[in-house]
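Once you've looked at the hints, dock chain Y with the ligands against the given chain H.
Residue numbers (our numbering), protein chains in the order written: chain H, 1 to 502; chain Y, 1 to 92.
Wrong hints could be hidden among the right ones.
Label-pair restraints from in silico Cβ distances [to be verified]:
id, chain 1, residue 1, chain 2, residue 2, range
1, Y, G65, H, E138, 46 to 52 Å
2, H, R436, Y, A87, 24 to 30 Å
3, Y, A87, H, D491, 52 to 58 Å
4, Y, M86, H, D491, 52 to 58 Å
5, H, G466, Y, S67, 55 to 61 Å
6, H, A329, Y, A87, 56 to 62 Å
7, Y, E88, H, A216, 48 to 54 Å
8, H, V336, Y, A87, 55 to 61 Å
9, Y, E42, H, E314, 48 to 54 Å
10, Y, A63, H, R134, 37 to 43 Å
11, Y, E88, H, R436, 19 to 25 Å
12, H, V87, Y, I6, 18 to 24 Å
13, H, R134, Y, Y25, 23 to 29 Å
14, Y, G65, H, R134, 42 to 48 Å
No wet-lab data here; the hints were simulated from the structure. Using N, Cα and C, we set each Cβ at its ideal position, and we do this for glycine too.
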Amino acid sequence: MELTVLNDTPSESAGGCSTSSCGSSNDQLSHLPDEIKQKVHNHPCYSEEAHHYFARMHVAVAPACNIQCHYCNRKYDCANESRPGVVSELLTPDQAVKKTKAVAANIPQMTVLGIAGPGDPLANLDRTFETFRRLSEEAPDIKLCVSTNGLALPAAVEELSKHNIDHVTITINCVDPEIGAQIYPWIYWNNRRIHGKKGAQILIEQQQKGLEMLVAKGILVKVNSVMIPGVNDQHLKEVSRIVKQKGAFLHNVMPLIAEAEHGTFYGVMGQRGPSNEELMELQDECSGDMNMMRHCRQCRADAVGLLGEDRGDEFTMDKIEQMDIDYEAAMVKRAVIHQGIAEELAEKEKKRAALAAVKVPSGPAAENKHFRPVLMAVATSGGGMINQHFGHATEFLIYEASSNGVRFISHRKVDQYCIGNDTCGEKESALSGSIRALAGCEVVLCSKIGFEPWGLLEEAGIQPNGEHAMEPIEEAVMSVYEEMIATGRLDQSKGESSQMSA
Amino acid sequence: MSLSIIESCVNCWACYDVCPSEAIYEAAPHFLIDAKKCTECEGDYADPQCASICPIEGAILDAAGESINPPGSLTGIPPEMMEKAMAEIQAR
Ligand code: SF4
Ligand code: SF4
Ligand code: SF4
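In isolation and in its complexed conformation, chain Y is listed as follows:
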C-alpha cells in the first residue's frame, strides 16, 4: 500500500527529507511517491511522516485516495471562509 502526492504539492522538500523509505522523489511538476517503496512508515513510525510534515492541505492522499490533511485541518481556516475570501478576490 502506498500514499500519493497530487498536484497541489508546492515542492517544499519537507516530505522528501523525512521519509524513512526513500520513497519520495523530485519530479515535474511536483514530488511523487514510489508506490513500490512506500511502506506507509509501518514499522518505523506511528504516523506516515510525509503526511505529518506536509504543510499543504490535500496534497497527500492515503491508499484509499482520501486526503490525509483535509481543508482546514492544517491552516485552521474554515473552508467556507476560504471560499468566501477567494470568491471576493475573484470578483475584483
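Isolated chain H (complex conformation):
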C-alpha cells in the first residue's frame, strides 16, 4: 500500500488486493508496510499485542463542538470517543500538560497521549494546539494523537503536521448526504448553522478532503464509524472501501449505543444499536483479517491506563498539584522500561514463530478441515493470559478457533445496566448481563468461576472452563478446540454457529 497515493475518485477497478485488509496472516500487523508497523507497534490502540503492555491516556481540553450527531448529547462527552453519558473533568492546556507528565512518570508504560474531547478537538484549535505544542517540547518521548469529526480538519492539517503527531482518527459515518442528514441534524460552518442534507454534504466533503490531505502529508489516518442499523449499516461497506482506497490504514466499526436516558435523538426515538452478531459480521466485511481495532473499548475522554482500565482517580487535578515531577529523570526510567517491554514482545514474537504449531493446529483439527469454527470468550486482566475471575470480568475477549488457527474477533462489554424489574437484584442482572454478552460463544475461559454462574452458563449452552488459568490465551483456546474435536463435541452442529463460519 502506497501511503502517498492521493485519489478521490473511488473507482471500481480498485478491487483485489489494493486495500490494506488483504492478506490472511495470523499476525495482524504483518500486512502493513514497515514504516507504519514501526509507528504502531507500541501503540495500545492499534496493536492487539501492545495493548496488553502499553498504556494510553486522554486529556479533556476540548469542550466545544461544531456539529451535532444524533447519538450525542452535549451535556456529556463526545460520543464518538466515549461511551455515551460520560462527563470528563475539563482541563486547561497547562493542567493537561502537568497531568500528562505526572501520569507518564508514574505509569511508564504510557506511550500515547490523545485529545479526544469532551467536544471536537479541532473545534478548539487554540486549546488543542497549545497542549500539543508544549508536550512536543517538554515530553518528546510521548506520541500524540487526535480525533475529530472532520469538519475543521482541512484547515488544521498544516498545523498538525508541525507537531509530534502521527495518528489522526476521523469519525466518518457516511459518504452520502442523504444518509448524512439522518445522522447529523446540523453543523456550524462559515458562521452559520446549516441544517439537514446541505450541512451533511459540507461535513462529508471536509472529512474526505481532510483524509486526503493527511495521507499526502504522511500522517497516519484511522477511520472510525458508528454502525446504526437501518441507517448506515449497509452503506458502511462503501465507506470502508473508499477510505481505505484513499489511504486510511485502518477502518474501525463501533456499535451505536443508544438509551433513552442519554437524551440523544436516537435514544429517545428508540433507534436500536446492532446486536453482537450484526456488528461482528459488518466488522468482518469492513476489516477482513485486519482486526487490529477489535479490542477498541470506546474509552472516555479523560481515560488513563491500559485499555479497559481507568486509573483516572489517581490523577485528579488536586492530587497532581501535590506531585513534584522531574520529567528528565522520568524519561530515563521510561526509556529503560520501554526497552524491557520491547524485548519481551520480541521474545514472544520469536516464540510464536517457533511454536507456529500453536496457532496453526497440529492435533485433530489439522486433519479435520470440515469442523466448524467455535467462538470462545476469555476473561483476562491483561498480559495475554487467562487470569481473571469470571465474576470480576467487565468485558470478555472473543476468539475464534478453527482449522485455520486462532483469531481475535472482538471485545464484548458486560452490560451493567439493570434493565430488569423489581425482582431483578443487582447481582442477578450483572450475571445475566454477562451471559447476554457471551451470546454465540460455546466456551468461556476464566481463572475461576462461582458455582451459580457455572450452572446458568451451562443452561445457556456455554461451557465454563477454568482449567487453563494462567495460560497464554491463544494456546489455551486452541487446546480446548482440539479437545472439543477429540471428544466429538463438534460432530453435532450448533445451529447458529454455521452462519459464522467463513
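Using the frame of chain H, we list chain Y with the ligands on its own:
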C-alpha cells in the same frame, strides 16, 4: 440590546470562542453575556454567533427573552417524544 444565557447552559465554551465582541465570559454556574458588550453580532455577521453554535436548546435567549433555539429545533426530537421518554424514565 443583548442576548442572554440561562441555566440550561452546559459550559461547552463553543459560544465563547465565536463571539466577535468578546461579550461572553466564564462564570459559575454557567457562562454569561455582558449586556454592555453584546452587539447581537450586528455589523459582523448575519446571525448571532453564540446562538448559531450553541448545542443546547433553550440556553440562549434573545433580547425579548425568547428562546432562539426552542425545544426540538436542534436535536430534531419532537418535544412530546422527549417528555414521554423522560416521564417513562422517571417512573422506573
Ligand atoms: S462530534 Fe462528538 S461531541 Fe460533537 S456532536 Fe458528534 S459525538 Fe458529540
Ligand atoms: S450575539 Fe454576538 S455579540 Fe452577542 S454574545 Fe452572542 S456572539 Fe457575542
Ligand atoms: S454554547 Fe451554549 S451551552 Fe455552550 S457555553 Fe455557550 S451557552 Fe453554554
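Point to revise | Contradicted hints - numbers only | key: none
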